[in-house]
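Chemist: With chain A fixed as given, assemble chains B, C and D onto it according to the hints.
Protein chains in written order, with the working numbering: chain A, 1386 to 1783; chain B, 1386 to 1783; chain C, 1386 to 1783; chain D, 1386 to 1783.
For the record, the hints were derived by calculation from the structure and aren't laboratory data.
Possibly wrong hints are sitting among the right ones.
Since the list can't tell identical chains apart, any single copy or any two copies may satisfy a pair.
What the hints assert, rightly or not - Mimicking BS3-like on lysine-lysine, the simulated pairs with C-alpha atoms at most 30 angstroms apart in a straight line are:
(1) K1605 <-> K1441
(2) K1614 <-> K1527
(3) K1631 <-> K1735
(4) K1631 <-> K1719
4 protein chains.
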Amino acid sequence: MSATQTAPKPRGRQFFANPGPTNIPDSVLLACAHQTVDFNDSNFIEVYDACVAGLKRVLKTEQTVFLYTGSGHAAWEASLVNLLSTGDTVLILESGHFSISWGKMAQDLGIEVQSVAADWRRGVDMAAVRAALAADTARTIKAVCVVHNETATGMMIPVPEVRAALDAAGHPALLLADTISSLGSLDFRMDEWGVDAAVGGSQKGLMLPTGMSFTGVSAKALEAHKSSKLPKHYFHWTNMLQRPLKSFLGTVPVSFFYGLQESLRLIEQEEGLENVFARHSRLARAVRAAVQHWSGNNGPQLFCLNPGRYSDSVTAVLMPEGLNADALRQVALKRFNLSLGGGLGPLGGKVFRIGHLGDLNEPMILGTLATVELAMQVAGVPHTPGGIAAAIASLAAA
Amino acid sequence: MSATQTAPKPRGRQFFANPGPTNIPDSVLLACAHQTVDFNDSNFIEVYDACVAGLKRVLKTEQTVFLYTGSGHAAWEASLVNLLSTGDTVLILESGHFSISWGKMAQDLGIEVQSVAADWRRGVDMAAVRAALAADTARTIKAVCVVHNETATGMMIPVPEVRAALDAAGHPALLLADTISSLGSLDFRMDEWGVDAAVGGSQKGLMLPTGMSFTGVSAKALEAHKSSKLPKHYFHWTNMLQRPLKSFLGTVPVSFFYGLQESLRLIEQEEGLENVFARHSRLARAVRAAVQHWSGNNGPQLFCLNPGRYSDSVTAVLMPEGLNADALRQVALKRFNLSLGGGLGPLGGKVFRIGHLGDLNEPMILGTLATVELAMQVAGVPHTPGGIAAAIASLAAA
Amino acid sequence: MSATQTAPKPRGRQFFANPGPTNIPDSVLLACAHQTVDFNDSNFIEVYDACVAGLKRVLKTEQTVFLYTGSGHAAWEASLVNLLSTGDTVLILESGHFSISWGKMAQDLGIEVQSVAADWRRGVDMAAVRAALAADTARTIKAVCVVHNETATGMMIPVPEVRAALDAAGHPALLLADTISSLGSLDFRMDEWGVDAAVGGSQKGLMLPTGMSFTGVSAKALEAHKSSKLPKHYFHWTNMLQRPLKSFLGTVPVSFFYGLQESLRLIEQEEGLENVFARHSRLARAVRAAVQHWSGNNGPQLFCLNPGRYSDSVTAVLMPEGLNADALRQVALKRFNLSLGGGLGPLGGKVFRIGHLGDLNEPMILGTLATVELAMQVAGVPHTPGGIAAAIASLAAA
Amino acid sequence: MSATQTAPKPRGRQFFANPGPTNIPDSVLLACAHQTVDFNDSNFIEVYDACVAGLKRVLKTEQTVFLYTGSGHAAWEASLVNLLSTGDTVLILESGHFSISWGKMAQDLGIEVQSVAADWRRGVDMAAVRAALAADTARTIKAVCVVHNETATGMMIPVPEVRAALDAAGHPALLLADTISSLGSLDFRMDEWGVDAAVGGSQKGLMLPTGMSFTGVSAKALEAHKSSKLPKHYFHWTNMLQRPLKSFLGTVPVSFFYGLQESLRLIEQEEGLENVFARHSRLARAVRAAVQHWSGNNGPQLFCLNPGRYSDSVTAVLMPEGLNADALRQVALKRFNLSLGGGLGPLGGKVFRIGHLGDLNEPMILGTLATVELAMQVAGVPHTPGGIAAAIASLAAA
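Next comes chain A alone, as it looks inside the complex (with noise of 0.2 angstroms):
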């Protein structure tokens, strides 16, 4: 061993069962390593087109779509500032840390924030999104906002049914629909779910480095944007629209349109959109499973309780009373190079998240889960030892 050498890194590719970020396919990293091109060249605007069009098809819109350099959080703002006045009202409905971030950045900007309260491991209660929309009788509430998979917890909080809620109750306001960690994991229908707003970002689903957002915008919201009133340049739809692409602000940021380009062909080309919901929704089962079986003797369980709503992209599982998920992570980590997600805000410590979305297969998910339970026996977490081969059976019988 080299004099220089301290103590041995852990060796292999590291398994990124972390759900955010998420894995970006070799293919998808050497195209964004693109050299610098001038953004108003045909060559670029011609891959720009193209991954616009994509873009529309993976959110199933014919509406507009406007993109930020910026993370998901730009986004969200973007979706705010540009559709809202000061003193507006928006209601939340709460499904866990990220419904919670989203209000708290709303009344950072000037917004007056409603809530529908909930329980995080069975979700927002339709009735009570009913009610709260029926007793705004004055129509102070200006937008519903829906978090479509709440990364916190693993959930997934069904958009047709808040829709539904908002049509029952012929209530006006503009329905926005955060889709980070759902887009090109989880069927998503923009326009045929009647959202207004639909907040997407690079690093989920689309398998792309973190750094650009966007928001697909409906002709309704566009047209309420009109009437907005928050101040706003960097996120400005009108000044985008006066720009020759349409979007940004400022320097585009090219690379990442290489790499879109790469990833709308391995989604729609090479597997197909169906095909990527599918195989989410297969290999997730296979991670319940796995779960399930070692909730027993006392084991870590799935944080959300409610089958309806388990997220295809993210499992949240919960750790048993009085252990730490960090401690456990930090074996994964650091023997055996498996990072997991941590819990985020109330849940830290207490639950650890298995991402999984994006460009994951089979091996990759087995081998996310083998390591889980190898860490918890090295850690000595109690759980009914089998997981793995529960996941095995899930993923035989799919």
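Modeler: Quick look at chains B, C and D alone, frame taken from chain A:
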């Protein structure tokens, strides 16, 4: 030729002499092609901390740096929304397209904008700046905004003279400097020059892809931030200070930091920051020598008429009356694979711009200049031939 | 799904558990992506010299190394043509497909081949080696050829015992060892073990692409080389010694050295060579634990029946009578994106091989084993389920 | 500057005007950075087959191609050992360092070498070739070896004239042509010109890294191969024909084929093979125009004195008497990051060489020439200034 080919694309590596963004060294590009990692993991934090420390050395500051997933415009916006309140006044020193754009952004954000007008070919008169400050006896001006290097006109504005004007007037306004096309190319000394917010981006002298930007922030500015009332969240410094990395709301764009680590190594260890500045100066003089030679016979000429303010990172070249710069640019690009910058705003079609910043050397600059001369011959642009010999002579004497 | 798609390709990163070649770490792959440089320039020579020094440390030799642009077969051929003359005899220790291939190569080159036959599941009997050497009273055997790690059968042959047999017989023959699938994975000590020519390649334990190979050469072998009369040029050591780099006839494949520099850094500085061996041993035991578990119920079994000679870099698995290994391999590959090695020569269809060498860790090996178990279930291969649990237990105990 | 820095390294991209090897396009370099795959898998075989088909189109042959893991020297050796027997005679047409090296290789392999001597600045006299063939009434000459483009002297030898000489003499010898620095840069027509073995490598006009080479082989040569008796295995065509890919003994260097797939796309689809030749011709004329201009005032001059044989892929430049080419090359390299080729064999120090083949365009060639002129000024090499203007004029007229 294959049946699928329509028209031959120009071959060889594109010469990118467009000032925005600029060439990315191979080693930086490959360093950016880093697999996803957990941005909360100690391995990443080690890289991150070293990058922030290096960025401070390049900014020549020991104060605070906030980073954003966003382009340079994002950092512009961050500097405004964190320091000002609705109705506050800023004084913009006119230098060209970018000073005007920054002002327009301020207006969109609800800020009053006062400008010191200027002849774009000579830059702002410091006496006029002093006069404007002296006239502001009510101290309504909360910040002075200066573009250190105006990319649109190829002009450098001496920031220390702006500082001196503030000091002479005993004016308490904050000093905001846009260093986007100067940092890492021209000497910039945040602390010594008393800059309160220094706005920078990844894609120029730091030789990275577009998508990350930052602000150096003085203690005085941090104090002013506390009473700023503009709505904000994504760019909110107070929010950032509560995050583990003291920057970034939302997912951290990790790939930029692997790239920045490498670009800092190139700048500081391979070449040395002061040597970087000397190289930019040497190459810029060669560019100007060529253009000045061409300008005989009614040829194109330097746009900047103020030798004390020549930019060492970009040169704008004014076309002979009646000739369109973009026609020349198309010959250079489509026939010879040389990308030149176009004129912005009112200079559209009237100037072309040669970017000479970042990862550049003598063969690259000579190849660029020789190809401009070739393109002028092909496009029938009048000029005194031999500009390239003047550039060679300039470099031989350096 | 796009109109151009025919059948969905399996997604996620391919698991490459095929012993030849093996996984290339991302950082090595990117290091290889180095622009062309002048191989006579001092910047390259510095990298080159450091690589050769590192290669000697991995070979555990202080003698001479010659490098070839070529695969492992090239280095095999170099070891023969540089040391022997037409009609010379070599003694090949039979171990499997590769020992036979090396012998066939010798015959093609005009060398007489004498073999020590062996049961492929147990490997050569050292007593038979001793007998063959003792019988050679005329000293017609000029070299003894041993494959340190037979990739086709997953068997390690103890080279020190061969050395001891030569010494016991007082036989002057040269000792040639093929380390292609052992070097950098299993301990190999060229000087201590008295090996005269050690044949290695880039694409196994050194974790590089295929295309560069080399031979460690003892002083005794260099002396023997002088009287070797086989025609040669491309592989001619005397020619090489006259070249500036003391290796390579013709253009030097520079990209491999940038990759090798990085792989040596991973091996020596990040992990430590002895830790590399320990990791291979630990993962190999887990593989064997799984296979031994499966072998109940007439399941597949370890091909190697000699525990003292188990290979720590590759395991050959014998299918149950009547079942075709390639059918199972196709399920693993086409459905689950796991590439397993096939049987070679007479073992075609009868065994599959799990490569477990190079850039590998627990999640990768567990993912591989779990997917083999999944594929066996899908393909209807009888086995005792739970091999993966045995592997986990083995790793937990390690 | 960091404490660890000793001397600043030149920055910017190195200009690589060294004829061996040559620039690799970014997209080819990244295509080569492909993870390991099973070379027996159908996905790879599809890529491989397409590459071999493309290679045949570039060679303009419908006959057989054999590929080697090896440099160009490997393919030289393959062409000899597969076609000849010990004691056979070959006729080498002298052109410079590489014709002599090929002859030395033949001698090392036990082949008799007869040469047609030549003035290196004019190339072989075809009358002397005809005379040598006519004199060989015993038909002892089994093969005629010609270097299509002599990289050491910058001279092209017209292969059709050699074919004509053979035909005129009714001589049955095989015609072997080295196309290493011509293929993909100069027109070469294996079948039309009656070449029996065409030797090529990856690292020149095909714009790949060094490490793969090949021979186009005629039906006549395949027939001759059957009676060849030189010992061989690694390069043995009969062995190769028994392998699944009909080439390669041992592990297949898969990364080269992902690169070749991309370089064929660039050559055939983006540009068109005939356009590639036209571009090489256009750029080569510009280089010669510059050198001819410099040659006044006792400046450096074209080494090749035979305009009909000027090479369009490399130009050797003869220094003024008494001046060392390598001193000039060091200035270009160490101060300006321009790599020029040196003189080989007896031309060492007397010539420098400008490679102008592969991935090259006008800015690259003009940058190279301007920097040579700059380096001559700095190094005090006499010349008529303005060679770069001559090159520009040549290109403007093209």
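Chemist: Could you run down the list of hints and mark each one as holding or not?
Modeler: Evaluated hints:
no., hint, verdict
1, K1605 <-> K1441, "within (17 angstroms within a copy, 46 angstroms between copies)"
2, K1614 <-> K1527, "both (13 angstroms within a copy, 23 angstroms between copies)"
3, K1631 <-> K1735, "between (44 angstroms within a copy, 25 angstroms between copies)"
4, K1631 <-> K1719, "between (45 angstroms within a copy, 25 angstroms between copies)"
The structure shown violates none of the earlier numbered hints.
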